[in-house]
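Taken in order, these protein sequences are the chains called A and B.
For the first sequence, position 192 matches number 192 in this note's numbering, and the numbering has no gaps at all.
Whatever position you read off the second sequence (first residue = 1), add 236 for this note's numbering.
Don't read these hints as lab results, they were simulated from the structure.
Keep in mind that this is a model prediction, so the values were computed, not measured.
Ideal Cβ placement from N, Cα and C applies to all residues, glycine included.
Mixed in with the good hints, there may be bad ones.
Unchecked claim - Straight-line alpha carbon distances no greater than 27 Å define the calculated DSSO-like cross-link-like pairs of lysine-lysine that follow:
(1) B:Lys435 with A:Lys202
(2) B:Lys435 with A:Lys51
(3) B:Lys337 with A:Lys57
(4) A:Lys161 with B:Lys251
To be verified - Simulated coverage check for chain B against chain A, where a stretch passes if three residues somewhere in it have a Cβ under 8 Å from a Cβ of chain A:
(5) 253-260
(6) 304-314
(7) 407-416
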Amino acid sequence: MNHHHPTLNPPATEPPSSWPMIRALAGIGILCSLLIVSTWQLTLPTITKKKNEYLEKAIYQVLPGATSKKTFKITPDGKVEQFEGEERGVQRVFAGYDDQGRLVGLAIEARGQGFQDVLKILYGFSPEKQAIIGMRVLESKETPGLGDKIEKDPDFLANFKELDVSLDENAQIRNPIVPVKHGTKANPWEIDSITGATISSKAVANILRENTLRLIPVVMKNLQTFEDGSLAGNGP
Amino acid sequence: MNTDPAHLSTNEFIKGLWRENPIFVQVLGMCPALAVTNSVINAIAMGLATTFVLIMSSMLVSSLRSFIPKQVRIASYILIIATFVTVAEYFIQAISIELHKNLGAFIALIVVNCLILGRAEAFASKNTIWPAFLDAAGMGLGFTFALICLGGVRELIGNGTLLGYMIFSENYQPWIVMILPGGGFFSLGAWLLLFNWMKSRKERLNLAAENSH
Chain A
1 MNHHHPTLNP PATEPPSSWP MIRALAGIGI LCSLLIVSTW QLTLPTITKK KNEYLEKAIY
61 QVLPGATSKK TFKITPDGKV EQFEGEERGV QRVFAGYDDQ GRLVGLAIEA RGQGFQDVLK
121 ILYGFSPEKQ AIIGMRVLES KETPGLGDKI EKDPDFLANF KELDVSLDEN AQIRNPIVPV
181 KHGTKANPWE IDSITGATIS SKAVANILRE NTLRLIPVVM KNLQTFEDGS LAGNGP
Chain B
237 MNTDPAHLST NEFIKGLWRE NPIFVQVLGM CPALAVTNSV INAIAMGLAT TFVLIMSSML
297 VSSLRSFIPK QVRIASYILI IATFVTVAEY FIQAISIELH KNLGAFIALI VVNCLILGRA
357 EAFASKNTIW PAFLDAAGMG LGFTFALICL GGVRELIGNG TLLGYMIFSE NYQPWIVMIL
417 PGGGFFSLGA WLLLFNWMKS RKERLNLAAE NSH
């Protein structure tokens, strides 16, 4: 049978040398890694700068009236400390102050699972109103034109003008944030979802609920530290 | 056949724009064509990013064509394409964080756009750098043009806007389905219908002209 299929039984010639293949793949690999590393080196300062600008812009957007800010971190054992720079896995809280140095509110970073990938958002919390007063999406890979409506839809963003997260007598959140169907919002702690972007709206609501349940009690307990922050920062 | 070199190179460039348009004629690269074309701006950004990757990888493949043995050519092409996609992603991030956010997960998916691998395999690996560049530029712009056609229809019907500007009155009730994946198939089908109709009409006319002589 086999002699009918000469391709299955090639004549005994020298097998092709593997050296050109190794040379080509290794050469292209080195070339490509050099290209990627040099682009990374070239663009990293710009990207870091743009990301920080974006974050700073977002902080002032979620805290209307604030003109200066201070960065704090919340340690895993529930303490609040002043903090500089960036570190992976640190829960950062930005305190915003007005012209007179009074605390306007706190901008808190929160992250969680979105529709496609991790969703990173920033929300503004006003201790005076005990409510969320603003929300911006910092990083998302939600479907363009659908899930990214959580950043653009005016009706959805209106949820975060005053979203109730007040504490009860045990210093815990009285009504955890819940997403509801579009047009059925009846209580100040409910989030009106977007039709056609239900999963992304729910993701935002879940991230906020989880984050506020955990952090708002800590933040309220340490309010004095944040209020004193503007004084501490006035030194040289 | 005109063999004048200037004519040939114009031909390499023009063919991708119309006669061999990647989307409407070759029907290649359907994943990004359906996924990101729910607005014109996304279509333009995706088209230009793909054009950049296509031009750069075609030129590199063409200049390395005698160095790459045919047994490992696909692996080498993918490596080159993936590199330029990563480079493009860094540049997009450096240009605008907003734009990077808008394109989301789809930038990384340029790697698996079969148009790019197709041009590397079918053209760049057999030609010198200049024709490879022209071919890639033509195909890239043809791809961008087709994405804009798709995105225009979908954004207009599905959202009532074009490039973010309101076109229809406030009372217009958008057909949400056009922004959803299903709408991508509908509008692609409609465009393919139009292109094939034009092609068959041209053939009929040519045939009629020949017969009358």
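Checked hints:
1. B:Lys435 with A:Lys202: 48 Å, violated
2. B:Lys435 with A:Lys51: 49 Å, violated
3. B:Lys337 with A:Lys57: 16 Å, holds
4. A:Lys161 with B:Lys251: 54 Å, violated
5. 253-260: violated (count 0)
6. 304-314: It holds: at least three residues are needed, and the region 304-314 of chain B offers 6 whose Cβ sits within less than 8 Å of chain A.
7. 407-416: holds (count 3)
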